[in-house]
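Hey, can you work out the whole structure from these sequences and the hints?
Residues per chain are reported as follows:
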Amino acid sequence: MFKWLDPYAKPETLYRICGLWFPWLMTAAVATLLLGTVWGLAFTPADYQQGDSYRIIHIHVPSAIWSMGAYSSMAIAALIALVWQVKAAQWAVGAIAPIGAVFTVIALFTGAAWGKPMWGTWWVWDARLTSELILLFLYLGVIALSGAFADRQTGAKASALLAVVGVVNLPIIHFSVEWWNTLHQGATITKFAKPSIDASMLWPLLISILAFGLWLAALTCLRLKTAILQNEQHRPWVRQLTASAAKEG
Amino acid sequence: MFEAVNLQLTAGQLLQIGGKNGAGKSSLLRILAGLAQPDDGEVFWQNLPLADGDFPQNLCFIGHLSGIQPQLTALEHLEFWQAAFGFTATDGFQVLATLGLAGLEDIPCQLLSAGQQRRVSLARLWLTTRPLWILDEPFTALDQSAILLLQHKFTEHLENGGAIILTTHQPLTQHFPAAQLLELAYRW
Amino acid sequence: MVMFKAAFVREWRLLARQKADWLNPLMFFLIVLTLFPLGIGAKPNLLAEIAPGIIWIAALLSVLLGAERLFKDDFRQGVLEQLVAAEEPMLAYVLAKIVSSWCSTALPLLLISPLIALLLGLDTAAWLAVLLTLLLGTPLLNLLAALGAALTLSADKGGILLALLILPLYIPLLIFASAAVDQASLGLDYSGQLAVLSAMLCLALALVPLAVLKALKLNVG
Chain A
0 MFKWLDPYAK PETLYRICGL WFPWLMTAAV ATLLLGTVWG LAFTPADYQQ GDSYRIIHIH
60 VPSAIWSMGA YSSMAIAALI ALVWQVKAAQ WAVGAIAPIG AVFTVIALFT GAAWGKPMWG
120 TWWVWDARLT SELILLFLYL GVIALSGAFA DRQTGAKASA LLAVVGVVNL PIIHFSVEWW
180 NTLHQGATIT KFAKPSIDAS MLWPLLISIL AFGLWLAALT CLRLKTAILQ NEQHRPWVRQ
240 LTASAAKEG
Chain B
0 MFEAVNLQLT AGQLLQIGGK NGAGKSSLLR ILAGLAQPDD GEVFWQNLPL ADGDFPQNLC
60 FIGHLSGIQP QLTALEHLEF WQAAFGFTAT DGFQVLATLG LAGLEDIPCQ LLSAGQQRRV
120 SLARLWLTTR PLWILDEPFT ALDQSAILLL QHKFTEHLEN GGAIILTTHQ PLTQHFPAAQ
180 LLELAYRW
Chain C
0 MVMFKAAFVR EWRLLARQKA DWLNPLMFFL IVLTLFPLGI GAKPNLLAEI APGIIWIAAL
60 LSVLLGAERL FKDDFRQGVL EQLVAAEEPM LAYVLAKIVS SWCSTALPLL LISPLIALLL
120 GLDTAAWLAV LLTLLLGTPL LNLLAALGAA LTLSADKGGI LLALLILPLY IPLLIFASAA
180 VDQASLGLDY SGQLAVLSAM LCLALALVPL AVLKALKLNV G
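Chains as they are written, first to last, in numbering that gives the first Met the number 0: chain A, 0 to 248; chain B, 0 to 187; chain C, 0 to 220.
Because the hints were derived from the structure by calculation, they are not lab data.
Treat the hints loosely; a few may be bogus.
[Unchecked claim] Pairs of lysine to aspartate or glutamate, EDC-like flavour, derived with a Cα cap of 16 angstroms:
1) C/K156 / C/E67
2) C/K216 / A/E231
3) C/K4 / B/E78
4) A/K86 / B/D39
5) A/K9 / A/E231
6) A/K115 / A/E177
7) A/K9 / B/D39
8) C/K4 / B/E75
9) A/K86 / B/E78
10) A/K9 / B/D38
[Unchecked claim] Chain A is nowhere near these chain C residues, computed Cβ spacing over 10 angstroms in every case:
11) F3
12) V8
13) A15
14) K18
15) G40
16) I49
17) D72
18) A95
19) L114
20) L118
21) A154
22) D155
23) L163
24) A178
25) P208
[Claimed, not checked] A short, non-exhaustive set of chain A residues, derived as facing chain C with CB atoms under 10 angstroms:
26) A157
27) V163
28) V176
For every residue, glycine included, the Cβ atom is placed at its ideal position computed from N, Cα and C.
Shown next as structure tokens:
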């Protein structure tokens with residue numbers, strides 16, 4: 000099983016692949032990001048209810064979606080790392096975690112900034128907001144754990160295990176927070192059902208979502224490359240690489 | 000960390016791993032004991048990779064950590080080991096007496112000297128019937144008589160078809176006919 | 000089974016000789032409970048309203064406090080490394096550790112729960128709910144705390160890190176347990192919450208020991 004994964008799991012190959020993909024992903028991410036935000040911020044009509052402040056949706060929704068997407072991909076990498084003992088997958092966990100955490104912070108911050116004009120308060124103990132906050136705590140736990148060991152390998156393995164534990168717990172946490180929320184407050188503010196969105200607003204939003212996904216992938220490639228170099232620095236292939244780079248430079 | 004380590008050990012043989020501080024003796028032992036994975040290469044036990052065979056059931060590993068809990072007595076340690084490692088019932092008092100710990104069986108180990116604690120830790124070798132012993136610096140803190148006693152135990156074990164891998168700084172005083180020596184050196 | 004018994008007996012001997020290990024978390028629990036009325040005000044209505052929450056927060060903090068020692072000594076002294084190398088029934092060892100930690104940190108909480116009810120002005124029905132939720136919830140606390148202890152075993156600053164990792168995972172338990180006590184003090188049925196707690200406990204019992212085992216091995220290896 001997963002024999003086809005084996006050749007890609009070799010750090011050297013993975014490093015090359017990441018290096019190959021990174022410029023394309025980055026270019027695509029910047030292009031779509033520009034397109035999505037400029038279109039969304041400048042060229043879509045204002046919302047009839049929320050005025051111009053709804054435009055933050057083009058940053059808020061993509062970052063919220065990808066904060067969860069990043070956690071899922073991190074958990075998948077962690078599972079691969081634990082089950083098949085793939086070292087590169089361990090490093091991928093460490094590479095994704097900070098990006099996901101930043102996405103979560105962006106989602107929380109833009110959410111608060113949006114909440115202020117809409118709900119009149121920066122923060123409400125709404126189920127989604129609370130879940131997102133707890134997601135941030137889980138990310139921070141993974142990051143803290145990976146940096147807590149004198150032995151980097153142990154840190155990578157432990158944080159992979161924690162990521163898997165977290166992904167098992169996330170649905171339970173989300174469900175319980177939702178239940179708690181309906182118990183404690185009525186559905187006054189939580190009734191934040193998305194009104195059916197007009198196509199003129201939907202397209203830039205979809206492009207923004209795509210852009211954030213590409214951005215996540217590009218950053219992951221970059222960070223994974225760095226992690227591979229750091230962990231393999233004493234291997235012959237890295238030495239060769241640095242030697243030839245030094246010659247050229 | 001290591002380059003070009005290639006060795007083979009058969010029943011009745013003793014392998015002594017030497018080298019300066021930091022040469023990687025303990026790391027090599029941990030790899031041989033299956034506690035750490037080598038970056039490259041493999042370790043085999045009876046022609047099977049370590050993870051596949053019944054290697055753990057054949058191993059008695061005593062690392063440089065003694066495994067002694069300061070609050071427990073020597074006898075309580077022996078009891079735990081007998082149950083935990085499936086050692087066949089041997090009279091704990093007898094073993095402790097052999098090791099020169101008669102009368103100290105019921106004293107918490109924190110009150111024993113370092114050498115005495117080491118003896119308690121090594122008592123496992125008298126309890127076990129497992130063929131492969133991997134010992135990290137077994138002679139640390141032991142006095143001359145205990146070192147001799149331990150080497151006699153080694154001889155007995157080797158004659159019974161066992162095998163021993165150990166690290167030590169000091170040369171073995173007793174002669175072991177089937178001994179190999181592996182010297183590790185640290186290279187930048 | 001032999002291993003379970005051996006590890007259990009060993010743990011009890013250690014607890015009997017290091018009383019601070021289980022007495023201190025208990026005292027911590029009582030002191031935290033005392034602080035809340037002092038900080039918030041001792042009006043009986045207010046106390047009864049916040050009692051479920053503070054009982055549970057104090058309980059999970061005190062269990063966490065006692066968790067760090069769980070595998071620390073065995074790790075430092077090399078017992079774990081010998082067990083891993085010999086691939087002995089580690090699961091039995093882990094279970095023995097968790098069961099004995101429940102007996103030493105959570106069982107005392109159950110025993111003094113009538114006292115807590117008196118202190119916080121809870122009636123008999125609410126006290127019964129506290130007792131039942133503690134009975135179902137504290138094993139979950141111990142299981143997750145053991146996981147945290149195992150994960151942070153060889154970390155440099157294990158203690159506080161352990162709390163950071165595990166506290167978010169306690170949220171579902173906190174929500175349902177304090178809701179049950181809440182319901183009980185209003186005279187409502189809380190069997191639903193108890194059922195959810197039992198379900199979470201069953202899930203954790205099935206999965207957490209395996210994760211603890213994995214975490215121990217990767218810290219030793």
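Okay, the hints, checked on the actual structure:
1. C/K156 / C/E67: 11 angstroms, holds
2. C/K216 / A/E231: 23 angstroms, violated
3. C/K4 / B/E78: Holds: C/K4 and B/E78 sit about 11 angstroms apart, inside 16 angstroms.
4. A/K86 / B/D39: 13 angstroms, holds
5. A/K9 / A/E231: 11 angstroms, holds
6. A/K115 / A/E177: 22 angstroms, violated
7. A/K9 / B/D39: Distance ~13 angstroms between A/K9 and B/D39 Cα, so the pair holds.
8. C/K4 / B/E75: 13 angstroms, holds
9. A/K86 / B/E78: Given pair A/K86, B/E78 is violated - Cα atoms ~40 angstroms apart, limit 16 angstroms.
10. A/K9 / B/D38: 12 angstroms, holds
11. F3: 24 angstroms, holds
12. V8: 30 angstroms, holds
13. A15: Answer for C/A15: holds, closest chain A Cβ roughly 32 angstroms.
14. K18: 30 angstroms, holds
15. G40: Holds, since 22 angstroms exceeds 10 angstroms.
16. I49: Non-interface label on C/I49 holds, nearest chain A Cβ at 14 angstroms vs cutoff 10 angstroms.
17. D72: 19 angstroms, holds
18. A95: 22 angstroms, holds
19. L114: 28 angstroms, holds
20. L118: 25 angstroms, holds
21. A154: 4 angstroms, violated
22. D155: At about 6 angstroms from chain A, C/D155 fails to clear the 10 angstroms cut-off, so the statement is violated.
23. L163: The assertion about C/L163 is violated, with a minimum of 6 angstroms to chain A.
24. A178: Contrary to the label, C/A178 does not stay out of reach of chain A, its closest Cβ about 6 angstroms off (not over 10 angstroms).
25. P208: The claim holds: C/P208 sits with its nearest Cβ about 13 angstroms from chain A, beyond 10 angstroms.
26. A157: Check passed: Cβ of A/A157 comes within 5 angstroms of chain C, closer than 10 angstroms.
27. V163: 8 angstroms, holds
28. V176: 7 angstroms, holds
Hint check: violations occur at hints 2, 6, 9, 21, 22, 23 and 24; the rest are consistent with the structure.
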